[in-house]
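Listed below, chain by chain, are the residues.
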Amino acid sequence: MAGPSHPDAMAPSRPGPTRTAPPQMPASWWSAPRIRTYLLFDATGLVYLLLGFVALEVVWALGAGPEAWDAMLASLRNPLVVAFHALGLASVIFVGVRFFSFFPKAQPPRIGPMKPPPAPVILGGLYVAWIGLTVLFAAILAGGIF
Amino acid sequence: MSETKKKFVITRFDPEKDESPRTQEYEIPVQGDWKVLDAINYIKDEVDPSVCHRWSCRMAVCGSCGMMVDGEPKLTCKTSLAEYGDTVVVEPLANFPIVRDLVVELEGFMEKFKRVKPWVVRAKEQAAEKSGGGTYAQSPEELAEFKKFSMCINCMLCYAACPVVANEGEFLGPAAIALGHRYNLDSRDEGESERNEIFRGEGTIYSCSFAHECSEVCPKNVDPAAAINQAKFSALIDWAQNLVLPKGRAGGA
Amino acid sequence: MVEVSRHDIIIVGGGGAGLRAAIAAATADPSASIALVSKVYPMRSHTVSAEGGAAGVAREDDSLEMHGQDTVKGSDFLGDQDVIEYFVEQAPKELALLENWGCPWSRNEDGTVATRAFGGMTVKRTWYATDKVGFHMLHSLFQHSMRFDNIVRYDEYYVSKLLVDDGACRGVSALNIRTGETHAILGRSVILATGGAGKVFPFTTNGMIKTGDGMALAYRAGVPLKDMEFIQYHPTGLPGTGILITEATRGEGGYLRNKDGDRFLVEYDYGVGQKAELGPRDMISRAIILEVEAGRALEGPYGAYVHLDLTHLGEEAIDAKLPFVRELGRIYQGIDPVYEPIAIRPVAHYMMGGVDTDIDAATELPGLYAAGEMACVSLNGANRLGSNSLTECLVFGAVAGEKALAHAQATNEGSEDRLRQQAEEEGARIDALRGSTNGSEKISAIRREMNTAMETGCGVFRDQESMAATIAALAPLKPRAQQLALSDSSKVFNTEIIAALELTNMLDVAEAIAVSAHSRKESRGAHTCRDFTTRDDQQYLYHTLCYHEPSAPRLSKKDVRLDHWEPVERKY
Chain A
1259 MAGPSHPDAM
1269 APSRPGPTRT
1279 APPQMPASWW
1289 SAPRIRTYLL
1299 FDATGLVYLL
1309 LGFVALEVVW
1319 ALGAGPEAWD
1329 AMLASLRNPL
1339 VVAFHALGLA
1349 SVIFVGVRFF
1359 SFFPKAQPPR
1369 IGPMKPPPAP
1379 VILGGLYVAW
1389 IGLTVLFAAI
1399 LAGGIF
Chain B
7 MSETKKKFVI
17 TRFDPEKDES
27 PRTQEYEIPV
37 QGDWKVLDAI
47 NYIKDEVDPS
57 VCHRWSCRMA
67 VCGSCGMMVD
77 GEPKLTCKTS
87 LAEYGDTVVV
97 EPLANFPIVR
107 DLVVELEGFM
117 EKFKRVKPWV
127 VRAKEQAAEK
137 SGGGTYAQSP
147 EELAEFKKFS
157 MCINCMLCYA
167 ACPVVANEGE
177 FLGPAAIALG
187 HRYNLDSRDE
197 GESERNEIFR
207 GEGTIYSCSF
217 AHECSEVCPK
227 NVDPAAAINQ
237 AKFSALIDWA
247 QNLVLPKGRA
257 GGA
Chain C
13 MVEVSRHDII
23 IVGGGGAGLR
33 AAIAAATADP
43 SASIALVSKV
53 YPMRSHTVSA
63 EGGAAGVARE
73 DDSLEMHGQD
83 TVKGSDFLGD
93 QDVIEYFVEQ
103 APKELALLEN
113 WGCPWSRNED
123 GTVATRAFGG
133 MTVKRTWYAT
143 DKVGFHMLHS
153 LFQHSMRFDN
163 IVRYDEYYVS
173 KLLVDDGACR
183 GVSALNIRTG
193 ETHAILGRSV
203 ILATGGAGKV
213 FPFTTNGMIK
223 TGDGMALAYR
233 AGVPLKDMEF
243 IQYHPTGLPG
253 TGILITEATR
263 GEGGYLRNKD
273 GDRFLVEYDY
283 GVGQKAELGP
293 RDMISRAIIL
303 EVEAGRALEG
313 PYGAYVHLDL
323 THLGEEAIDA
333 KLPFVRELGR
343 IYQGIDPVYE
353 PIAIRPVAHY
363 MMGGVDTDID
373 AATELPGLYA
383 AGEMACVSLN
393 GANRLGSNSL
403 TECLVFGAVA
413 GEKALAHAQA
423 TNEGSEDRLR
433 QQAEEEGARI
443 DALRGSTNGS
453 EKISAIRREM
463 NTAMETGCGV
473 FRDQESMAAT
483 IAALAPLKPR
493 AQQLALSDSS
503 KVFNTEIIAA
513 LELTNMLDVA
523 EAIAVSAHSR
533 KESRGAHTCR
543 DFTTRDDQQY
553 LYHTLCYHEP
563 SAPRLSKKDV
573 RLDHWEPVER
583 KY
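Chains as they are written, first to last, in our numbering: chain A, 1259 to 1404; chain B, 7 to 259; chain C, 13 to 584.
No lab work stands behind these hints, which were simulated from the structure alone.
In this text, all values refer to a predicted model and were calculated from it rather than measured experimentally.
Among the clues, some could well be false.
To be verified - Pairs of lysine-lysine, DSBU-like flavour, derived with a Cα cap of 35 Å:
#: 1; chain 1: C; residue 1: K105; chain 2: B; residue 2: K130
#: 2; chain 1: C; residue 1: K569; chain 2: C; residue 2: K490
#: 3; chain 1: B; residue 1: K84; chain 2: B; residue 2: K23
#: 4; chain 1: B; residue 1: K154; chain 2: C; residue 2: K105
#: 5; chain 1: A; residue 1: K1373; chain 2: B; residue 2: K153
#: 6; chain 1: B; residue 1: K120; chain 2: A; residue 2: K1373
#: 7; chain 1: C; residue 1: K136; chain 2: B; residue 2: K154
#: 8; chain 1: A; residue 1: K1363; chain 2: B; residue 2: K13
#: 9; chain 1: A; residue 1: K1363; chain 2: B; residue 2: K23
#: 10; chain 1: C; residue 1: K136; chain 2: C; residue 2: K271
#: 11; chain 1: B; residue 1: K23; chain 2: C; residue 2: K105
#: 12; chain 1: A; residue 1: K1363; chain 2: B; residue 2: K153
#: 13; chain 1: B; residue 1: K153; chain 2: C; residue 2: K287
#: 14; chain 1: C; residue 1: K271; chain 2: B; residue 2: K84
#: 15; chain 1: C; residue 1: K271; chain 2: C; residue 2: K105
#: 16; chain 1: B; residue 1: K154; chain 2: B; residue 2: K120
#: 17; chain 1: C; residue 1: K136; chain 2: B; residue 2: K226
#: 18; chain 1: B; residue 1: K13; chain 2: B; residue 2: K120
#: 19; chain 1: B; residue 1: K153; chain 2: C; residue 2: K454
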């Protein structure tokens, strides 16, 4: 085994009558291909956190006068920064696709008298909404609307 | 019947003798159509009778023989030895305290199991509700809504696979939540509010981050990941409904 | 010092019958304390592997009389008819109760419970939950039993001795498998529900835990074992592993074919008549063995076999009604039953015989009750019809629970000192045995020799010579089992000592089976003797009783209750 799990993992409320060895995690807990996808999924949270800080800086620059704004726009054109934002976009698409693929099975068979629509309809609806909203906001931010 | 030799690296732990778990290697002749369990039984019967493990039905329905084989949670009576190379590592189920060799402590699971009230809760037994012969009417469609989630054999492979179970003690875990959800979906049951309260409370189901490992390893296609995430939604709706229209409890023990 | 616990009733075995008894007693008296002692967690009990269904009259065109008649005829007129009459009446009520407790029975379109055809049943009356009925029943019972705070579970405790004081059974000595400590669990009545003993045979549908522990415990306490010669060979088990392929495959229309592709049950006269594949299990098992002897069976790595053909049923029907069978075929035989026939052969499956009880589930020993496969009430006589056994667990589990509770309420506790003393001695015996290297015998070797002996003399077809040879082969095994070389001296979760104790129990049960079989010089139901091929109602219409004696078992007879149906020739 790789190492210990949380010491309370699957522990009974009172200790058993004989000494037990602590719960273990398997050696492959981080290396099996399937779990790597999940770990990557969770790790994208770091990307969003950093993007959040960037967004705050942009907002601050917006209120700090035209020179600060121009300086911000210049720094955003830095190839490294563009690459980071591309990573952000890839993360969001990766997470979105993974989440959407699970979404149909997370619908209960019924809420009261209502049944959910079939999986292809749900998936279609999700992608239409996602892509539609993305296009809308891109148009607004590019100055095409409003 | 083809016969070759394979090496098995088995976790050993005797609390009377060992400070912490160690491993022991056994090289045995194996048959082409053996499952992993056949090899462990051979080791116990013919080579080292002090190796301790749980098993019973050998047809993947009693749930006793769950172990880690080469790092993956498996039902050893269902897993073909032919899938593995010359050396096979067999360890007790991950995330459970280890009692002896390949035997783990199950009381933690039994407690979580009982907490979801896995029985039919009904406010009042109405004789008139029952159709002919004293049974409740239930259509094939109503049965199909929860049938998949009733197939759990309590093998606990899902607990060994779940990263949340590995990282905290409180989480109810896949099998327990799936079982609670099974009763919530059963048209004969009226205890949904009570169970949803348990789901939202201590042992919260919202700790689940949809890793989906539980459904990947489940040998009976119960799909606990679906159950947990359906339950998240249902419990939320139930909470919102209670805010707007507080309703009484369904009775029952 | 052994730990002592006190309850009102003690139930040994947590399967269908044991759980039903616990629920019955807990419901009847919420203030009673009920101990449920099992060597495995209850959801591992072998009830879980039952597949086909549970019988109870449900349809308009069915009647209690017909269910009773089918059961009596199936039993080859050795079933006690008062028991059968009570059983068929209670059956639908018990199955409906189980439904109320959440069991997901398969349904008709109108919401009523569906039924399927089964061997020996003239009308469809087998309730089913796809093809995992035992699993759903056991889990429904176990989960329902958790509602009762007065059911106290002792999970993974191995009962190694009954404690008898002042002429009555007043407790058990149980080994806590986790700690290795012996525990005296005392009560005012004890119910045994530990199941059958298929593991005395080499090829069996039974799991590891079916070692006849309860039968041996009662046997050694002086209670006779009844009708032990009647072993049901289920016709369709997988060669090699012995895994069960349910009778429901035939109930849903499957065919049995020999190597020429013929439906031999129709081609040749095996006594099943029009029923063909839906004939009773003993006749079909015999038919398969006779096909093997006639050279019309196929040969494989695990011996001769025939085909169970489901290919004409279609994928949709199989996925709807027999999904577990499809899974078993793929995992354990590498074939898909939708497209290929399954290789099957008869394997030891169920014991019609067991601890002698009356209709109230009571044994000769006051305070000791028995229910389920390990008891012989006798519902099943010389041959059991498929799907009667799961219902039997419910009906007589409930009876045992209620009657044992009533007995407990009317009796006293006996002497705690004397009872504890017995448990202390038992604990000392086990402690001395654990890890002892005095002897040189290996558990697995003795087990194999027992299996071989039982296969030789107590198979589907028997003859006096091979039965005598089996008795002779078994005789030296018991003393050899006292000379085991055990290597595990640890107390914590020692499964080697459990295997050693189970071996002793299996040898006692095997001896009872072989001796009883040898004494029955006729063919009836599942007991087919080549030397005496007909049924002899003049001389052998009785239950065989087998009593434990130090030197060799003592046999006796018990009358069959024939209140209602006259014995006739058993033709289908």
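Quick rundown of the hints versus the structure:
1. C:K105 <-> B:K130: Holds - the C-alpha atoms of B:K130 and C:K105 are around 19 Å apart, at most 35 Å.
2. C:K569 <-> C:K490: Holds, because 26 Å separates the two Cα atoms, which is no more than 35 Å.
3. B:K84 <-> B:K23: holds, 32 Å
4. B:K154 <-> C:K105: At roughly 27 Å apart (the allowed maximum being 35 Å), C:K105 and B:K154 satisfy the hint.
5. A:K1373 <-> B:K153: Holds - the C-alpha atoms of B:K153 and A:K1373 are around 17 Å apart, at most 35 Å.
6. B:K120 <-> A:K1373: holds, 30 Å
7. C:K136 <-> B:K154: Within the cut-off at roughly 26 Å; holds.
8. A:K1363 <-> B:K13: Given that 35 Å is the threshold and the Cα spacing comes to 41 Å, the pair is violated.
9. A:K1363 <-> B:K23: violated, 48 Å
10. C:K136 <-> C:K271: holds, 31 Å
11. B:K23 <-> C:K105: violated, 54 Å
12. A:K1363 <-> B:K153: Cα-Cα ~15 Å, so holds.
13. B:K153 <-> C:K287: holds, 33 Å
14. C:K271 <-> B:K84: Since the Cα atoms of C:K271 and B:K84 sit roughly 29 Å apart, the hinted pair holds (cutoff 35 Å).
15. C:K271 <-> C:K105: Not satisfied, since the Cα-Cα distance of roughly 44 Å exceeds 35 Å.
16. B:K154 <-> B:K120: holds, 20 Å
17. C:K136 <-> B:K226: At roughly 29 Å apart (the allowed maximum being 35 Å), B:K226 and C:K136 satisfy the hint.
18. B:K13 <-> B:K120: violated, 40 Å
19. B:K153 <-> C:K454: violated, 46 Å
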